[in-house]
Amino acid sequence: MSNNSNKKCCSSTFPQFTAKIKSVKEENYRIKTFELDYDLKAKPGQYALLWIPGVGERPMSIGLDNTFTVANVGGFSEALHKLKKGDKLSLRGPLGSEFELKKFKKIILVGGGYGVVPLYFLAKVACSKNISVTAVIAARKAEDIIFEEQFKKLGCIVLASTDDGSKGFRGNAVEAVKSLMQKNSYECIYTCGPEKMMYHLVLLAKEKEIESQVSIERYIKCGIGICGSCAINSHLVCVDGLVYSGDKALRFEEFGKSTRDGFGKKKVL
Amino acid sequence: MVKLSVELASLKLENPTILASGIIGVTKGSLEGAVQNGAAAVTTKSISIEPRKGHETPIMVETDAGFLNAVGYTNPGIYSAIEEFSDWKSKAPLILSLVGKDETEYSVLAEKIRSAQKNFKISAVELVLSCPHTPGYGLMAGQDTPEQTAKVVRAVKSKLPVPIIVKFSPSSLGVGGLAKAAEEAGASAINMGNTIGPGMKINIDQKKPVLGFKMGGLSGPAMRPVTVRSIYDIYQSVKIPIIGTGGVSYGADAIELMMAGASAIGIGTAVWYRGQDVFRKIAKEMEEWLDSNGYSSVKEIVGLAHE
Numbered sequence: 001m002s003n004n005s006n007k008k009c010c011s012s013t014f015p016q017f018t019a020k021i022k023s024v025k026e027e028n029y030r031i032k033t034f035e036l037d038y039d040l041k042a043k044p045g046q047y048a049l050l051w052i053p054g055v056g057e058r059p060m061s062i063g064l065d066n067t068f069t070v071a072n073v074g075g076f077s078e079a080l081h082k083l084k085k086g087d088k089l090s091l092r093g094p095l096g097s098e099f100e101l102k103k104f105k106k107i108i109l110v111g112g113g114y115g116v117v118p119l120y121f122l123a124k125v126a127c128s129k130n131i132s133v134t135a136v137i138a139a140r141k142a143e144d145i146i147f148e149e150q151f152k153k154l155g156c157i158v159l160a161s162t163d164d165g166s167k168g169f170r171g172n173a174v175e176a177v178k179s180l181m182q183k184n185s186y187e188c189i190y191t192c193g194p195e196k197m198m199y200h201l202v203l204l205a206k207e208k209e210i211e212s213q214v215s216i217e218r219y220i221k222c223g224i225g226i227c228g229s230c231a232i233n234s235h236l237v238c239v240d241g242l243v244y245s246g247d248k249a250l251r252f253e254e255f256g257k258s259t260r261d262g263f264g265k266k267k268v269l
Numbered sequence: 001m002v003k004l005s006v007e008l009a010s011l012k013l014e015n016p017t018i019l020a021s022g023i024i025g026v027t028k029g030s031l032e033g034a035v036q037n038g039a040a041a042v043t044t045k046s047i048s049i050e051p052r053k054g055h056e057t058p059i060m061v062e063t064d065a066g067f068l069n070a071v072g073y074t075n076p077g078i079y080s081a082i083e084e085f086s087d088w089k090s091k092a093p094l095i096l097s098l099v100g101k102d103e104t105e106y107s108v109l110a111e112k113i114r115s116a117q118k119n120f121k122i123s124a125v126e127l128v129l130s131c132p133h134t135p136g137y138g139l140m141a142g143q144d145t146p147e148q149t150a151k152v153v154r155a156v157k158s159k160l161p162v163p164i165i166v167k168f169s170p171s172s173l174g175v176g177g178l179a180k181a182a183e184e185a186g187a188s189a190i191n192m193g194n195t196i197g198p199g200m201k202i203n204i205d206q207k208k209p210v211l212g213f214k215m216g217g218l219s220g221p222a223m224r225p226v227t228v229r230s231i232y233d234i235y236q237s238v239k240i241p242i243i244g245t246g247g248v249s250y251g252a253d254a255i256e257l258m259m260a261g262a263s264a265i266g267i268g269t270a271v272w273y274r275g276q277d278v279f280r281k282i283a284k285e286m287e288e289w290l291d292s293n294g295y296s297s298v299k300e301i302v303g304l305a306h307e
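For the record, the sequence lines run as chains A and B.
Mind the numbering: the first sequence is residues 1 to 269 in my numbering, read in order.
Mind the numbering: the second sequence is residues 1 to 307 in my numbering, read in order.
Rather than coming from a laboratory, the hints here were simulated on the basis of the structure.
Check the hints yourself; a few may be wrong.
[To be verified] Capping the alpha-carbon separation at 27 Å, the derived lysine-lysine pairs in DSSO-like fashion look like this: (1) A:257 x B:281; (2) B:281 x A:22; (3) A:85 x B:281; (4) A:124 x A:141; (5) B:53 x A:248.
[Claimed, not checked] With the Cβ distance kept under 10 Å, some of the chain A side facing chain B (calculated, not the full set): (6) 12; (7) 53; (8) 56; (9) 83; (10) 125; (11) 127; (12) 163; (13) 223; (14) 240; (15) 247; (16) 250.
Since the model is a prediction, treat every value here as computed from it, not as a measurement.
Backbone N, C-alpha and C define an ideal beta-carbon position, used for all residues, glycine too.
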């Protein structure tokens, strides 16, 4: 009767754990990649809540090999950018749904800005399954294009696209995809980036009668479907997103139209 | 066939489960989602006069058999809320949760609701006098006295012709007396209740409290015994019905709160433990228990533990 000493009275359902930063890499003038010494066992499309004590907790897309690639846009991201190799980083996750490769043989990934992060993770998995991957990396200008070489190294066909034409295709991502589709066909469009861009890509997929999957961004706070701040119509993105099929996303009236601010007030996109 | 329907003041509920305030209810769409998942009534997030950003994240952290939360009344303010929750078409009653610093603020909120357009239809208001972790409100502002309770209830009652539910926390002392004060001032129901505490969780790797506000209210299974005792006390003090909220994850938990004296059950944290359709699951489990124990209506078990 003495073996009770190691019994845990209740198991954790949403643990927070602390990892160490294994490396920090500068991707461009404002984006850094932080690699952790901890195996998150994440799937492409999932996210984690990163916590910096005294600053706050924010949802971040999980990149390939336990990484987070984050732009310094002030606030939390500025504090994150100050972290160095060997520093602690606490997190909860992985959370949320994942991109699904199904039985596709030829796919196209379209990332806007740092929306390429989960798509690069997805590209790695797809390439290991011998799926033909085309990646459109879209940004405002040349210096905002990231991961171009990494995608090429995986064996992807890569098209950079910039609004001002400073690199690659001149125009928006949707136009870039349309230009590729003149000579190529794909079974699925995977996209992560500005919602208007994703909305038009879903419509394009529908028009071409192919599938699409999108990663929807909302104001995530609790991460477990309780606080309600991430609502899109009757759904909570933090638990049944971020990734949705394009068909499902189109059933949300708010998709591509409106989002919510930190107060829960509706904002037109 | 076991009847699960209950009445709560003038509210008719198809089953005893109610979506508790602060859970999911930021938008009309998400409240509709809770109804689709079986909630017989839904409560909005608490609304203040002005918009509130709330506390810094993390706003929730798990502890043994429960969560601590410190949301801090994030809400878009009463004007946006009236716009958001207008045109409520579901058959499930909509309960608007209100939070104010004193009777004057509650009076302003009631006035805004009364003067809102006709399409803003609510079945009841819930007055929160019990948040354990927001400066200026609830327990941190001493709102949990019989005198303050009576003042706030009277202020709202004089402006609004809808049933008033008053929400207390088991952390308040003398909950029976508080409930009595609410009843005498004209409240139609008591919600017992809010989270308890506040408590704190420290991450030992970072050597810092996890919650952005450092402290937060405890919810989940860990608090249920305290909820049950508080309902038991209130049932002996008042005649008006009680909504039991706190630590219910399964049908058996709900039965326990009803035996203590609750007529309906608020569900919150269990949305995480059992999924967004927790309302339907709990109602079904209650039905099965009642059936196998020979009851024909859930109303028969209310207050049974007092007999």
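Now the hints, each set against the structure:
Simply put, residue 257 (chain A) and residue 281 (chain B) have alpha-carbon atoms about 34 Å apart, too far for the 27 Å limit, and the pair is violated. Pair hint residue 281 (chain B) plus residue 22 (chain A) does not hold up; C-alpha atoms about 44 Å apart against a cutoff of 27 Å. About 47 Å separates the Cα atoms of residue 85 (chain A) and residue 281 (chain B), which puts this hinted pair outside 27 Å; it is violated. Restraint check for residue 124 (chain A) and residue 141 (chain A): the C-alpha separation of about 25 Å stays at or below 27 Å, so the hint holds.
For the proposed pair residue 53 (chain B) and residue 248 (chain A), the alpha carbon gap of about 30 Å is over 27 Å, so the pair is violated. Interface hint at residue 12 (chain A): satisfied, since its Cβ lies 6 Å from the closest Cβ of chain B, which is below the 10 Å cut-off. Satisfaction of the interface hint for residue 53 (chain A) is found here, the shortest Cβ-Cβ separation to chain B being roughly 4 Å, below the 10 Å cut-off. A hinted interface residue such as residue 56 (chain A) counts as satisfied when its beta carbon comes closer than 10 Å to some beta carbon of chain B; here the least separation is about 5 Å, so the hint holds.
Interface hint status for residue 83 (chain A): violated, as the beta-carbon distance to the closest one in chain B is roughly 13 Å, over 10 Å. Taking 10 Å as the C-beta contact cut-off toward chain B, the hint placing residue 125 (chain A) at the interface is violated, the least distance being around 28 Å. Below 10 Å, beta-carbon pairs count as interface contacts, and residue 127 (chain A) has none with chain B, the closest being about 35 Å; its hint is therefore violated. About 32 Å separates the beta-carbon of residue 163 (chain A) from the nearest beta-carbon of chain B, more than 10 Å, and the hint is not met.
With its C-beta approaching chain B no nearer than about 8 Å, residue 223 (chain A) sits inside the 10 Å limit, and its interface hint holds. The interface hint given for residue 240 (chain A) is met, as the beta carbon of that residue sits about 8 Å from the closest beta carbon of chain B, less than 10 Å. Interface hint status for residue 247 (chain A): violated, as the beta-carbon distance to the closest one in chain B is roughly 19 Å, over 10 Å. For residue 250 (chain A), the interface hint is violated, since its Cβ never comes within 10 Å of a Cβ in chain B; the closest pair sits about 16 Å apart.
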